[in-house]
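Asks: Sequence:
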Amino acid sequence: MRFTPLDKRIWVKGLALECPLGQAIDECPLNALRHLPVAQMNTTINGLDDLQVNAIVKIHHHCYHDRLKEMKLAS
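At the far end of the sequence shown sits residue 70, using our numbering, and the numbering has no gaps.
What the hints contain is simulated information worked out from the structure, not anything from laboratory work. Since the model is a prediction, treat every value here as computed from it, not as a measurement. It cannot be assumed that every hint is accurate.
As the list claims (entries may be wrong) - Pairs of lysine-lysine residues, derived as PhoX-like cross-links and limited to a Cα-Cα distance of at most 20 Å, are as follows:
(1) Lys53 <-> Lys64
(2) Lys8 <-> Lys53
(3) Lys3 <-> Lys53
Please build the complete structure, drawing on both the sequences and the hints.
Replies: Below is the structure:
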């Protein structure tokens, strides 16, 4: 499935609200946004260019899959 730039931006907004694995890692690029009011968070994310949004999505994919592997190994 291909995601449009708008799809990715919406996804980043959701990730900024909450990490899907509960506690975000310290290195998460969205940590700086999570303490902001939602309106300011949206404005900030809307101001990102597509390369920045793509980088956040790529970081999330790697982090998510790495952490899932760690969880499986720990169980």
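Asks: For a C-alpha distance cap of 20 Å, please report whether Lys3 and Lys53 respect it.
Replies: 10 Å, holds
Asks: Check whether the Cα positions of Lys8 and Lys53 lie no farther apart than 20 Å.
Replies: This hinted pair holds, its Cα atoms lying about 15 Å apart.
Asks: Hinted pair, alpha-carbon criterion (20 Å max): Lys53, Lys64. Please report holds or violated.
Replies: Given pair Lys53, Lys64 holds - Cα atoms ~17 Å apart, limit 20 Å.
Violated hints for the displayed structure: none, as all numbered hints are satisfied.
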